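Trainee: Listed here are the chains, written in short residue letters.
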Amino acid sequence: MSIEELKVSIKNLNVFYGEKQALFGINLNIYANEVTSLIGPSGCGKSTLIKCINRMNDLVDICRYNGQIMIDGEDVNDPSTDPVSLRTRIGMVFQKPNPFPKSLYDNVAYGPRLHGMTNSKEDLDELVITSLQKAGLFNEVKDRLFEPGTGLSGGQQQRLCIARALAVNPEIILMDEPCSALDPIATAKIEELIEELKEKYTIVIVTHSMQQAARVSNRTAYMHMGELIESGLTKTIFSNPEHIKTQDYITGRIG
Amino acid sequence: MSIEFILLTIIGLSAYSFYISKKKAAAISAINGAEIHSQPNYHGMYAAFLTISPALVLLIVWSFIEDTIITMRLRDYFSDITEPSIANFYIEGVINFVDDVNSKAMDHVNFFTATEYYKSTMHLNLLLKSIVLVMLTIIALRYSFKLISADFKARDLFEDVVIKVMNIASIFAIFITIGIVLSLLFETLRFFESVPVQDFLFGTHWSPQMSIREDQVGSSGSFGAVPVFTGTILISIIAMSVAGPIGLFSAIYLSQYASNRVRSFAKPIIEVLAGIPTVVYGFFAVITVGPFFREMGIFFDIEGFSSESALIAGSVLGIMIIPFIASLTDDALSAVPRSLKEGSLAMGATLSETTTRVIIPASFHGIVGSFLLAFSRAIGETMIVVMAAGFAANLTANPFDAVTTVTVQIVGLLTGDQEFDSAKTLSAFALAFVLFFLTLILNVISLSIVKKYREQYE
Ligand SMILES: Nc1ncnc2c1ncn2[C@@H]1O[C@H](COP(=O)(O)OP(=O)(O)OP(=O)(O)O)[C@@H](O)[C@H]1O
Ligand SMILES: [Mg+2]
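These protein sequence lines map, in sequence, to chains X and U.
Per the numbering used here: the first sequence = residues 1 to 255.
Per the numbering used here: the second sequence = residues 1 to 458.
Next comes chain U alone, as it looks inside the complex (with noise of 0.2 Å):
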């Protein structure tokens, strides 16, 4: 027996319950008509729900109980060690004993015996807990099945638990989003601690590599984050304007020109480049756009144009963005009633100029969005920029010039072997930090963009 297996009979047993009160619910009804409160299939989902919780509940209570006093059981069988943190090496070695597996834990004179007392505890444990959980969880069946009765609420009872439930995952979702700011803060502070923050932020110099090497002169590395953050912008606007333009207007002719029959194979086709890997995209730039943008630069003579260039990175990362753009403004200009657009051609107004003066503007908070989004989509993205910029630190604004960004360099200091607590590996997390910050500050901007036209029109 293992746990899968009681929580399957407690899932049956769970759908038993819906069944059995189902048809009950059902008979009550045949017999007395209209007059029963909720549907037989409330009755049924409530039941349901009241047969499974409880066992879930101390599942969860249980196996922390259990993790607690089992670790404080093992730690006696050690107690001739002081140092907790090697205890605790020890007691993990025997949570985790294999019997084919040879551990640095068996040194211990306790530790075998330690494992033969883990085992038939554990054993033990499993008994007791399967045989706990399937009774309460029949208890929990016959009493949600005894509550079933012509004026019991449970439709209302069951939209509460609907509500609690979609409370509980908005609850975990925040949650989760303030633990990942907060761990990324606390390894950028650390961070912090070995470079200055006004180095990182206004450093223009940045050359993590060289701190590895400790014995080395000038090992203390170079942490300016200025040039990074150039590249990353330098990219996303080169990415936005291939992708604006082309978007904007492949949406406005979708929206307001095309007829249905085209805009009924082109949007789709159109929305393919979306579901592109963007690896796939990264070596269209390596193997067709670079030559191509190279055979340009020496057909026009530009001096120094690199292989690897945010020219070429910006505009492959821009043809990613596209669907985007085009899809989500396409879907703000198609959702202007069209009553608007009715309205002013018949005050004689032409196709485009009723496009530009209604139809633009009624939905100019979609349109403002849906270029954020693309936005910071560009801002996080990787990998083409690693296969077609490079990942040379270069404070510049040529686009020729090779460039690196942001998530490039945090991959580039995150990949391999790594200690994590040099400042090399730390730095990542500060980049990771800060790169978040922007994208929030984007997002708030246009929030508020979003909210005053909102305000303003609606």
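So that you can see chain X by itself, here it is in the shape it has in the complex (with noise of 0.2 Å):
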């Protein structure tokens, strides 16, 4: 592995729900061209810490936080960031497949136009095209470009959405549990899929599965109640965790 880039930087966060506190005092170091993965208990925060990331709690009116998330030296929470353009930057994958009720190509085309990425029919056609390519997607779906995103299988929604994130050529990719609605082959796809896109982007995966996060993870953090626990290299914390709480966890013995 070439020499470890900072890409985001997280400092002390603590976040709250209303009265109740999600996440306490996180520190973490995700870096670039690599794929980390958080894993822990359901209920943990891990979809808390990666919504922080791209803002996404803003729409949760009672969510307040404190704290330091820095992209690529840049204060995520300062006032003067524009959440829109931050999330340009950013692309999401969410646990359930979310196509829009558009046709395929319109979907992945969607953030392309919304940024006014491309000036030509021409030169959106193969934004589109290639965006469908990097996700594995357009050999299948070649003839069916403009049937709608929502008659595709589960497997292919959700490379359609990976699709539709890649569109916008973001930095960043946080995907939320991205293949728990998923059969194995479909699975397999998505993590191949992982491993060739980590030459470009960072990314950020929240997993259920250890073998998942053994696969396809450079890096692993372990939380608990809403607490870092450990984080490190993935073959470090799989073979020899420093704390009792993640052996326990990815021994299967809680969560």
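Read the hints as simulated data drawn from the structure, not as lab findings.
Wrong hints could be hidden among the right ones.
[To be verified] Here are some chain X residues pointing at chain U (derived, C-beta under 8 Å):
| no. | residue |
| --- | --- |
| 1 | 59 |
| 2 | 92 |
| 3 | 96 |
| 4 | 98 |
[Stated by the list, open to error] Simulated crosslink set (SDA-like; lysine to any residue; CA at most 25 Å straight-line):
| no. | chain 1 | residue 1 | chain 2 | residue 2 |
| --- | --- | --- | --- | --- |
| 5 | X | 121 | U | 353 |
| 6 | U | 24 | U | 37 |
| 7 | U | 451 | X | 148 |
Predicted model, so just to flag it, every value in this text is computed and none were measured.
Each residue gets a CB set at the ideal place from its N, CA and C atoms; glycine is no exception.
Make one complex out of these two single chains by using the hints.
Mentor: Structural data, given as structure tokens:
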């Protein structure tokens, strides 16, 4: 592996939903061109953490936070940071595939059109096709680009959502349990895809599958009850965890 | 003893049947544990149904038969009368006879013997009916009670009953609709016997009033319905152009931008608008909006602004239908899965981009539905238009003119003393029929739009 480049650094992040604190003093570094996986029992705050990175938590009225999240040395929560342009730099893939009720083409072209990224119809066509290719979906759907995206299978829909996120050429891709609604074959395809994508993007993936975390990620962070217990190279975490809770979780004793 | 009393008895017996059957089933299940096929409640309900239904069916059949037989019998008393309609008149007189009221039917010699006969027969009939019905119910009760056993499938049978009842209800609804349409159709056809269809549909002059005075010149009246329908459409369009934007924007605001706190009091307030009786809107139109528009008309020097105008009626009608659009559109927008909204925002779209590009297209069929519903409300509305737009059937597209609408004309044609076979009265049915046809087409169009969108997006 080449020299590690720090992409996102989270320092002392506390998040509250109303009175209830969901995250407690999180410190985590995420490195460029790596896959970082977040694991931990349900309700421990994994989704909350990744939603802080692209400020999707702003949508929740009762959500408050303090602490610092730096992307390339720029504070995400700084008043001068516009959440809308921040989100164009960060793609997000959700637990349940959520293609828009539009054609496949329009789904992928959604971001580029929104941000005026292409100048001509030809450019847009090309961008749509390369995005679909990157998401490994193009060959399966090339003759039905103008049919509704909702007509695809679950795994195809999820790859469509990945293509949609790739089309705006983000720097970071956040994935919140992208495979939890998929069968093993579709899951394997997405994992393969993640492997390829990390060449160009920084990926954060939340997963409930230890094997998945072990297979795809370079680094792993284990969370428990809103606290980050341990983070480090996946190899180390899985073979030689420092913390007893981590060990219990990955060997299946809690969670 | 009266028929109400018998009915109460039967219902009481059925309730009793429910109670004892449930108890028996509960007792069985207490012994057999989980072995019993259906829960005691189902046994009770099915038994209650078995108890009550034979009596109800018999009651209906009996009432039909008793009517036929008694009229036949009474006919014998008036056998000297050959004309059936006159004989029927006497028979009606006997059936509806009340002691202290004078009736023309009393002129007939047999009238009082017939009433005596009628009274005693009906008395006997009631007695017989009571006994038979109650006996039947008791037998049914005993039978249904005996049926109960551990493997009696009361739950499945009761399910069947429920399904059949729902079937019957929907068939009933369908027949009522067909009945209304047919009666409308027949009256309309009668109207077209005296007035040619093309004169009605394409004529541009509407003045049905003249046809009353038959002795006068030009007594035939004039039944060109075009001005009436253009009036309806003009007013509905004005109403929609008031209610459409206001309703749509408030729905978007409520569902996408408003905080929960604002939403929780703003939505009920908008919905209150829907509960205001239309007469009150009529007052509002006449007393507040009318004078205001007239002042504006004078201020801006608009020629020929009448005190009753399409604009006034249309805008108040528009206010009336705002809550339909706002509330239904809000429901449609809120029904769009949150994941789509999040997906779009995560792509770096602003809230308004998300609304126009994702949320509105995803709920388009719901929005169209709410607009069409509001439109057909506007077309069918009477009161506001009666009060604010007038009766004058002008063929005009000028919103400052007085116009009339289909519903208003129907009211005008059918209120007061009317002969029910004059062309004037019958024209109301023709208007109603065409109105019905228009709204039907509207509904078909809206359904097909909805369906197309469903196919495309779901
Ligand atoms: N919108 C919200 N309002 C209030 N509380 C919330 C909200 N979202 C999350 N929480 C709370 O914050 C805590 C962390 O939730 P989060 O969704 O981040 O968990 P998670 O680790 O992603 O769980 P899972 O693995 O089940 O997805 C939970 O206790 C949850 O109840
Ligand atoms: Mg989660």
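Trainee: If a hint holds in the structure, say so; if it doesn't, say that too.
Mentor: Results of checking the hints against the structure:
1. 59: 7 Å, holds
2. 92: 4 Å, holds
3. 96: 6 Å, holds
4. 98: 4 Å, holds
5. X:121 / U:353: Within the cut-off at roughly 21 Å; holds.
6. U:24 / U:37: 14 Å, holds
7. U:451 / X:148: The given pair, whose Cα atoms are some 15 Å apart, holds under the 25 Å limit.
Checked against the numbered hints above, the structure breaks none of them.
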